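First to last, the sequence lines map onto chains A and B.
Start counting at 1 in the first sequence, then tack on 179, and there's your number in my numbering.
Start counting at 1 in the second sequence, then tack on 41, and there's your number in my numbering.
Derived from the structure by calculation, the hints contain no laboratory data.
Just so it is clear, the structure is predicted and the values come from calculations on it, not from any experiment.
It is possible that some hints are incorrect.
Unchecked claim - With the C-beta cut set under 7 Å, the calculated list includes, among others, these residues of chain A facing chain B:
hint	residue
1	272
2	518
3	522
As the list claims (entries may be wrong) - Rough simulated footprint, nothing fancy, chain B against chain A, three-plus residues with beta-carbon under 8 Å:
hint	region
4	329-340
5	553-564
6	579-593
Positions of the beta carbon are idealized from the N, C-alpha and C atoms, including for glycine.
For reference, the chains in residue letters:
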Amino acid sequence: MIRFDHVSFTYPDATRPTLFDLDFEIPEGELCLVIGSTGTGKSTLLRAINGLVPRFSGGLLTGRVTVDGRSTESVPPRELADVVGFVGQDPAAGFITDMVEDELAHVMENLGVAPDVMRRRVEDVLDLLGLHELRNRPLATLSGGQQQRVAIGAVLTAGPRILVLDEPTSALDPAAAEEVLAALTRLVHDLGITVVVAEHRLERVVQYADRVVIVPGAGERVIVGLPAEVLADSPVAPPVVELGRLAGWSPLPLSVRDARRSAPMLRERLAPLAPHVSDQLVRSSSTEPIARTTDLHAGYGPVTALRGIDMAVHAGEVVAIMGRNGAGKSTLLAHLVGLREPLRGEVLVQGRQPHRLSARDVVRSTGLVPQDSGVLLYHDTVAAECAAADRDADLAPGATQTVLDRLVPGIDQRAHPRDLSEGQRLSLALAIVLGAEPPLVLLDEPTRGLDYAAKQRLIAILRDLAAAGHAVVLATHDVEVVAAVADRAIVLADGEVVADGPARNVVVHSPVFAPQVAKVLAPEPWLTVAEVSRALDLLAGSGASA
Amino acid sequence: MTGTSVRPRRLLHPGAWWIWSIALAAAALRTTNPLLLGLVVVVTAFVVASRRSDAPWARSFASFLRLGVIVIAIRLVFQILFGNRIPGHTLFTIPELTLPDWAAGVSIGGPVTAEAIVGAIYQGLRLAVVLACFGAAASLCSPYRLLRALPSALYEAGVAVTVALTFAPQAVIAARQVRDARRLRGRSERGVRAWAGSAMPVLEGALDRAVALAASMDSRGYGRHGDSPISLRRAGSVLTLFGIACIAVGCYGILDPGAPAILRLPALGLGAVALVAALLLGGRSHHRSRYRPDPWASAEWIVALSGVAAFVGMVIAGRNGSGLDPSVYPLEIPPLPAAALIGILFAALPAWAAPIPPSFASVAVPTGLEVAA
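Based on the sequences and whatever the hints tell you, model everything.
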């Protein structure tokens with residue numbers, strides 16, 4: 180169906196090829212998962228399938244990409260619209276019309292499909308993706324998961340035989356991600372559509388994949404194979420696979436269900452060392468909280484985004500804020516850093532109201548790394564960015580640079596921030612925020628677009644910060660990161676706090692927020708592979724000494 | 042608007058709303074009478090209030106009204122500073138600049154009379170009312186719906202225009218992001234330097250979005266030509282451009298009572314012929330189809346004709362003599378020409394005749410929440 184014939188691709192001004200000598204085929208009717216570390220060229224590979232690379236990116240592509248017998252060299256993407264449906268990373272950025280139904284019909288109008296066929300196909304797709312209740316809604320009023328499903332529907336109505344999706348669940352909460360993935364598997368199983376997906380959060384997709392393509396980057400060849408084979412020694416693997424490797428299970432489990440079948444033995448061995456679940460937070464109760472909100476209400480116009488939030492954050496703890504898309508997580512962070520003024524109630528950071536402080540005073544008490552960390556960066560080299568940060572916060576020259584070197588050593592000083600990989604850019608934004616050493620550090624969706632290795636580094640950094648007495652608050656959908664780093668979890672729903680307590684206690688029994696390890700080893704409250712590994716070492720040690 | 046109507050809720054054909062509003066705007070352009078202009082605003086506001094939907098774009102009418110007020114203010118400032126001096130009751134005097142001989146005819150400063158101020162307000166008001174008419178159309182139907190109603194040969198140019206129109210709101214969002222980001226980095230938010238510093242990221246952000254949209258449009262078949270011959274497409278484009286130019290000239294001729302007769306109906310007719318030919322050609326070279334085209338029923342006729350009635354009333358009033366351009370020197374209380382008045386009142390008919398739009402039941406997800414924070 181899709182054939183890469185010795186394809187190499189080099190971006191303009193790049194010294195090394197991003198894709199090197201791709202030579203493989205994706206057969207019809209498969210769900211093919213493209214994985215790799217950040218910035219290795221997954222998106223580039225996907226965009227080469229319908230010719231957006233190199234037609235919209237520039238650069239030099241050698242070799243030949245053939246789709247359904249047609250070469251992308253001779254045919255522009257628009258002429259392939261009836262064969263390849265492409266859904267980009269941000270679905271809202273690709274919307275052309277303003278209503279759901281019109282958006283679904285748009286591609287068919289371009290293809291000149293007969294009106295009665297159009298009518299039927301729109302109805303089919305509405306049913307297939309569960310969109311019928313949204314058909315008359317303006318696109319601007321949809322939630323993230325709904326937008327993603329409309330974007331898929333909008334290419335599906337053309338009746339494509341290939342669907343290409345770039346990180347379809349990265350911006351979604353766990354429940355919305357399930358929704359989208361369920362729709363995708365139905366397309367593969369019922370309609371025989373070939374689906375190519377790039378995704379960082381393997382734990383969400385790998386169980387559905389028929390084939391995995393690893394893009395190693397750095398001019399190395401891609402690895403193509405069956406999921407269980409490829410993941411056995413892949414540098415990126417979901418927790419359930421790592422647990423399987425640790426416990427030596429064979430075949431390697433790819434889903435929680437497979438793993439649970441192999442798990443009883445392990446559960447039994449681990450039982451005596453099971454971590455303690457408590458309702459109480461371990462904390463020296465005398466300390467004053469760094470930040471506190473009392474009956475905080477917030478909103479825009481008729482919409483109330485937050486309704487009566489009472490919470491406190493203490494020095495040295497890492498607090499995870501979880502909840503659906505649009506539950507108010509970002510709004511809460513915006514209030515803590517004084518970007519918004521409360522409708523009612525009060526926010527106090529170190530005894531002062533952040534929205535009344537000058538920008539200069541705010542950065543000394545609170546630092547926020549926003550969801551799209553790139554918006555913090557607007558100089559043209561890394562060095563200039565660091566120097567500006569020193570000036571902004573009245574730091575000694577080189578202070579920000581020192582922090583950056585500790586986070587990620589070896590970033591090219593002359594590189595343009597936009598050319599950095601996602602992880603490097605996040606680190607640079609983090610360094611700028613941390614330079615002023617604010618006691619309260621806020622991060623909004625910090626793991627979006629990060630691979631497992633980058634996540635591990637981020638987790639280590641956050642732990643260091645907490646150990647150094649900073650209070651860290653992160654708003655995230657990523658349950659694995661919450662499991663690994665958070666002391667405390669707060670769950671927001673419709674602008675209200677529905678749970679607030681020790682992270683283990685909050686996530687371990689939730690069907691939505693529980694990490695994979697907890698699901699495999701339930702009812703024992705283990706959260707991460709690292710914990711299990713430490714416990715096994717301990718057992719092995721005591722066994723040897725006995 | 043109690044919803045007791047038995048008629049089914051539906052959206053009116055966007056063409057009807059645009060004919061209605063363009064006819065009203067054309068009527069407004071023929072007069073400076075503040076009573077008639079005020080009445081046009083009241084009528085459009087009334088229709089908008091009774092027949093707009095709860096979709097996001099339906100809230101734009103108020104911003105058009107605000108823009109109108111700004112236009113009047115600018116007109117006033119220019120009149121006070123540079124306006125030609127109408128004699129009469131002097132209100133106040135501002136220092137006069139003596140200009141060299143070669144700039145004779147241009148005056149800066151001098152006495153400002155009540156007559157000059159009133160004249161400026163009349164003219165500013167006329168422009169503000171035209172803006173209100175377009176604002177009414179924009180909030181009664183989304184621009185994209187109008188686009189769908191266009192003949193397929195014009196469709197692609199139309200999409201390009203809509204995409205260009207989305208640049209402004211996106212730049213506003215990007216500007217808000219950048220302003221927040223500046224605060225997060227501890228910079229003050231005011232001053233020229235702050236704006237200079239944020240201009241690049243705002244432009245970059247908006248440009249990135251535009252490229253993403255273009256990629257999405259291309260991969261969804263926008264601009265496909267299939268296998269139609271290129272000569273046919275070129276002939277179509279040339280005819281279209283020629284036709285639009287003729288129509289523009291013709292509109293100018295009709296709206297400006299002093300234009301030569303050849304620039305009126307003949308130009309309009311020639312343009313129309315060229316456009317129809319272009320559309321026929323275009324229809325043969327574009328393989329586009331249309332999903333659920335909006336019907337044109339009796340309600341559409343009533344709405345469109347009620348707008349045209351306002352224009353006709355204005356034309357008749359103009360034929361009958363004075364009243365459309367009340368004198369500012371000497372100042373007089375503006376008269377109220379009956380034909381024009383009746384015509385404009387007709388234009389309020391859509392408030393009852395147009396069907397009630399369906400509710401979009403929009404539980405608005407505030408998109409601003411995810412902005413940079």
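Comparing the hints with the structure gives:
1. 272: holds (4 Å)
2. 518: Where the cut-off is 7 Å and the nearest Cβ of chain B is about 5 Å from residue 518 of chain A, the hint holds.
3. 522: violated (13 Å)
4. 329-340: Since 3 is at least three, the answer is holds.
5. 553-564: Result for this restraint: holds, n = 3.
6. 579-593: violated (count 0)
In this structure, the hints that do not hold are numbers 3, 6, in rising order.
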